[in-house]
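All chains should be built: construct the whole structure from the sequences, respecting the hints.
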Amino acid sequence: MANELAMAMADLDEEKVQALVKAGLAGGVDPSALLNECREGMTLIGQRFETGEYYLSDLIMAGEIFKTAAADLAAQGGSSGPTKGKVVMGTVKGDIHDIGKDIVVTMLRGANYEVTDLGVDVPPAKFIEAVKETGAPVLGMSGLLTISFDPMKETVAALQAAGLRGRVKVMIGGGPVSEQVREYVGADALGVDAQAAVALAGQWLAA
Amino acid sequence: MPNRTVVIACATVIEEMLPLMPPDMAYRTLEFGLHAYPAKLHTTLQENIDEVVAAHPGEELTILLGYGLCSQALVGVEARGCTLVLPRVDDCIAIFLGSRSAYNEQAGAEPGSYYLTKGWIEVGETPFSEHERAVQRYGAARAERIFKIMMANYKRLALINTGSYDIDRYRDYAQRTAERFGLRYEEIAGSDALVRKLLDGASDDEFITLLPGQSFQLEHFFGWAKK
Numbered sequence: 254m255a256n257e258l259a260m261a262m263a264d265l266d267e268e269k270v271q272a273l274v275k276a277g278l279a280g281g282v283d284p285s286a287l288l289n290e291c292r293e294g295m296t297l298i299g300q301r302f303e304t305g306e307y308y309l310s311d312l313i314m315a316g317e318i319f320k321t322a323a324a325d326l327a328a329q330g331g332s333s334g335p336t337k338g339k340v341v342m343g344t345v346k347g348d349i350h351d352i353g354k355d356i357v358v359t360m361l362r363g364a365n366y367e368v369t370d371l372g373v374d375v376p377p378a379k380f381i382e383a384v385k386e387t388g389a390p391v392l393g394m395s396g397l398l399t400i401s402f403d404p405m406k407e408t409v410a411a412l413q414a415a416g417l418r419g420r421v422k423v424m425i426g427g428g429p430v431s432e433q434v435r436e437y438v439g440a441d442a443l444g445v446d447a448q449a450a451v452a453l454a455g456q457w458l459a460a
Numbered sequence: 041m042p043n044r045t046v047v048i049a050c051a052t053v054i055e056e057m058l059p060l061m062p063p064d065m066a067y068r069t070l071e072f073g074l075h076a077y078p079a080k081l082h083t084t085l086q087e088n089i090d091e092v093v094a095a096h097p098g099e100e101l102t103i104l105l106g107y108g109l110c111s112q113a114l115v116g117v118e119a120r121g122c123t124l125v126l127p128r129v130d131d132c133i134a135i136f137l138g139s140r141s142a143y144n145e146q147a148g149a150e151p152g153s154y155y156l157t158k159g160w161i162e163v164g165e166t167p168f169s170e171h172e173r174a175v176q177r178y179g180a181a182r183a184e185r186i187f188k189i190m191m192a193n194y195k196r197l198a199l200i201n202t203g204s205y206d207i208d209r210y211r212d213y214a215q216r217t218a219e220r221f222g223l224r225y226e227e228i229a230g231s232d233a234l235v236r237k238l239l240d241g242a243s244d245d246e247f248i249t250l251l252p253g254q255s256f257q258l259e260h261f262f263g264w265a266k267k
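In order, the protein sequence lines correspond to chains A and B.
Per my numbering: the first sequence = residues 254 to 460.
Per my numbering: the second sequence = residues 41 to 267.
Honestly, the hints are just simulated from the structure, not real lab data.
As the structure is a computational prediction, the values presented were derived from the model and not from experiment.
Taking lysine to aspartate or glutamate pairs in the EDC-like style, the calculated list, with each CA pair at most 16 Å apart, reads: (1) A:K320 with A:D266; (2) A:K339 with A:E367; (3) A:K406 with A:D441; (4) B:K80 with A:E303; (5) A:K422 with A:E436; (6) A:K320 with A:E267; (7) B:K195 with B:E226; (8) A:K320 with A:E268; (9) B:K195 with B:E219; (10) B:K195 with A:D374; (11) B:K188 with B:E172; (12) B:K188 with A:E317; (13) B:K80 with A:E306; (14) A:K269 with A:E317; (15) A:K379 with A:E407; (16) B:K195 with B:E150; (17) A:K320 with A:E367; (18) B:K266 with A:E436; (19) B:K266 with A:E432; (20) A:K337 with A:E367; (21) B:K188 with A:D311.
Okay, here's the thing in structure tokens:
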């Protein structure tokens with residue numbers, strides 16, 4: 254049954270995912286184990302998108318199904334216990350793509366992080382304000398255009414100018430970013446997919 | 041050695057090139073859908089370049105590419121046995137608008153723009169066709185849910201008039217798209233300047249010219265990327 258949930262998630266079968274989550278909970282399966290199955294499904298979805306089998310609309314559907322499952326499981330103690338820490342996320346100025354960013358937000362929340370999602374077209378000042386207000390030690394920026402590199406760099410510079418760079422780890426993600434771009438932007442790490450972003454947050458907030 | 045020029049272009053860009061191309065110039069068109077999969081676009085483009093080179097042994101070959109940086113898909117693409125010429129732009133929107141600066145201006149003024157051109161409409165890369173695909177896969181109700189999310193950040197539908205074809209044929213479709221998906225309709229002036237220059241063999245700052253053995257690097261597009 255464990256594998257069945259991951260496969261239903263990967264196949265984007267919303268009804269089956271909901272039914273299996275319900276059945277699992279009724280049968281006394283650990284909610285966090287069920288959530289892990291859903292995460293495995295999300296990894297498969299990412300792979301299917303990369304090979305061209307899945308389209309953008311499928312990624313949106315994946316985010317929706319995962320969000321519902323994570324909420325159902327959280328209600329049953331799937332992510333009980335104290336929050337693992339705070340993260341500020343947003344798509345940088347000049348860019349309005351948010352499908353990938355939203356998946357990262359959903360997965361981080363599913364993994365029990367407290368995420369402040371600033372949405373899209375976020376100017377540097379707004380990122381700084383949110384980091385100050387929340388005291389979040391992790392900032393994630395997304396950009397799907399090659400014209401997004403400069404706004405990312407400006408945001409890191411604004412963190413520096415505000416005297417916050419030392420206590421905030423910065424991760425960037427999105428189709429066109431690369432290690433070379435990370436270096437230019439001055440970010441601490443590059444997340445190649447949503448799982449990588451969750452792993453980075455875990456690494457930085459565990460310390 | 042005889043000279044030959046061949047065009048390899050994305051299905052959307054070729055529509056802007058065809059009206060200006062000498063009738064005897066050979067060209068290949070690659071699928072537009074590749075743009076969402078940079079690794080696949082990279083491989084497919086390199087394969088096509090290599091095939092064109094292999095088909096013309098003993099000729100001095102120049103291949104004009106109807107592409108841009110395209111999410112870094114072009115980085116690493118190599119001029120093997122030919123000269124490659126590529127507009128120095130982020131993506132095709134700059135080609136349709138006529139320059140990189142025109143694109144930056146548009147993007148800065150209104151990032152929530154859904155652009156359409158003849159090429160996009162002809163290859164079926166529009167919200168309508170995406171919606172149809174979603175309805176087939178998920179049914180009408182879920183497709184509606186997906187599209188609310190997909191279009192949430194778009195405010196304007198901008199039909200780019202490059203002047204290379206009869207825009208009246210596409211205006212109606214673009215207006216209907218805007219209406220159906222709740223976007224403000226606008227027609228913006230494009231330009232055929234870059235396409236014209238590319239076909240005329242320009243090699244100024246607006247283009248990257250690779251000699252045999254060289255490959256595209258990020259630094260060709262961004263000064264900061266120089267090592």
